Amino acid sequence: MRKRCGLFLIVVWAGLLLTGVAAGAGDNGLPGFLAMPGFPSETPAFGVTAAALMDGRFIAWDGDAIFVEDAPGAGTFSVVADGYAGDPGFIAVSPDGETALLGAGFTGDMYLINVDDPGEPEVFVNTQNHFSGAYLNTNQVLFDRALSVDPNDPFAMQPELAILDLSGEPEVRTVVANKGTFSSGMTLSACGYFAYAADGMTGETVRFTAPELQEAFAANAPLDWETDGETFGMFPAPGPSTHTDQATIIFNGDGALTFVSEDAEVRGTADPAGEDKHRYSAVYNPATKHVLATGTVFENGGTTVSAWISDAPFEGLPFGDVNRDGSVNAQDIQ
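Using our numbering, the first residue of the sequence shown is number 91, and each one after it goes up by one.
Hints listed in this document are in silico derivations from the structure and should not be mistaken for laboratory results.
Small disclaimer: the values here were computed from a predicted structure and weren't measured.
Glycine residues also receive a C-beta, built at the ideal position from the N, C-alpha and C atoms.
It cannot be assumed that every hint is accurate.
[Unchecked claim] What follows is a list of derived Cβ distance ranges for each label pair: (1) Asn242 / Glu320: 34 to 40 Å; (2) Pro241 / Asn268: 17 to 23 Å; (3) Asp366 / Glu316: 22 to 28 Å; (4) Gly258 / Glu320: 27 to 33 Å; (5) Pro127 / Phe214: 43 to 49 Å; (6) Asn242 / Val356: 17 to 23 Å; (7) Asp314 / Asn118: 45 to 51 Å; (8) Phe245 / Asp353: 32 to 38 Å; (9) Asp206 / Pro134: 20 to 26 Å; (10) Gly358 / Leu237: 34 to 40 Å; (11) Glu261 / Asn390: 42 to 48 Å.
Based on the sequences and whatever the hints tell you, model everything.
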């Protein structure tokens with residue numbers, strides 16, 4: 091039997107400042123969603139990216155300001171810093187719970203912040219255009235980026251998976267080369283053993299193990315997307331967004347989120363707005379076991395962001411047996 095893990099963390103789910111029940115996912119065990127009007131809805135960039143902190147609060151970034159939820163389950167956010175310019179690609183929260191890496195997308199800039207006191211913005215490293223990322227352990231961040239292949243064509247890029255090592259001077263090395271056609275979403279399994287990534291054109295989703303990615307970094311010998319990864323299946327091209335404690339992978343999507351089982355079977359979809367027009371992404375909160383869905387609409391030359399929270403905890407487990415500080419690698423964990 092394949093092991094799964096969770097976090098032994100009790101959090102009081104505060105009174106949610108939410109309104110109305112949005113479209114759920116049907117009678118298939120998937121959550122329904124409630125609107126979260128306190129989430130930042132305007133952005134100077136292409137969207138707002140979010141992540142879950144260790145204590146159950148959400149953190150968000152709109153390409154300028156950094157927002158932190160006032161308390162776990164509050165549904166309201168306060169600005170803790172601003173001036174963090176860029177196209178919000180991702181927020182990766184470190185396993186130490188104290189720091190986070192903000193990836194500024196097309197600019198290539200990354201910011202390393204203290205989540206409780208970000209301070210004045212200072213670019214930590216530039217890694218070229220990137221799309222998604224997550225901590226493998228406290229010292230290494232895996233991310234999807236696209237390298238320029240034609241200086242005369244800014245859209246001619248070759249995607250790959252790379253690792254940023256933070257143990258000394260920041261160092262970036264390619265760990266998976268020739269990654270399909272376009273960058274896309276990427277996520278780690280709940281205990282960090284598998285990394286799921288997708289071809290942003292075809293939706294082909296491939297997974298690698300964390301140990302083999304770390305070995306590729308150490309040897310400076312990239313794996314090949316076509317021959318070294320394990321094909322997981324064909325799913326929405328925006329790629330995997332997040333992973334629950336019980337091995338459901340939630341995929342980004344245009345018009346709906348897609349829930350996929352550990353056996354690569356589609357469990358169902360959810361369109362929290364019920365409008366079939368949002369580009370959705372999701373964040374699973376391992377502390378509260380709730381799913382945050384964000385939806386972006388591009389129209390009339392502007393960007394509008396909305397957010398929803400699952401109406402109940404989803405697929406949580408009461409305890410875990412894996413330490414993600416880099417000293418232990420989980421084996422046989424989906």
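Do the hints match the structure? See the list:
1. Asn242 / Glu320: 34 to 40 Å: Roughly 37 Å apart at Cβ, these two residues keep to the hinted range, so it holds.
2. Pro241 / Asn268: 17 to 23 Å: At 20 Å between Cβs, range holds.
3. Asp366 / Glu316: 22 to 28 Å: 34 Å, violated
4. Gly258 / Glu320: 27 to 33 Å: Given a distance of about 32 Å, which is inside 27 to 33 Å, the answer is holds.
5. Pro127 / Phe214: 43 to 49 Å: 33 Å, violated
6. Asn242 / Val356: 17 to 23 Å: Given a distance of about 41 Å, which is not inside 17 to 23 Å, the answer is violated.
7. Asp314 / Asn118: 45 to 51 Å: For Asp314 and Asn118 the Cβ distance comes to about 36 Å; the hint is violated.
8. Phe245 / Asp353: 32 to 38 Å: At roughly 36 Å between Cβ atoms, Asp353 and Phe245 fall inside 32 to 38 Å, so the hint holds.
9. Asp206 / Pro134: 20 to 26 Å: Hint holds: Cβ distance 24 Å, inside 20 to 26 Å.
10. Gly358 / Leu237: 34 to 40 Å: 36 Å, holds
11. Glu261 / Asn390: 42 to 48 Å: 43 Å, holds
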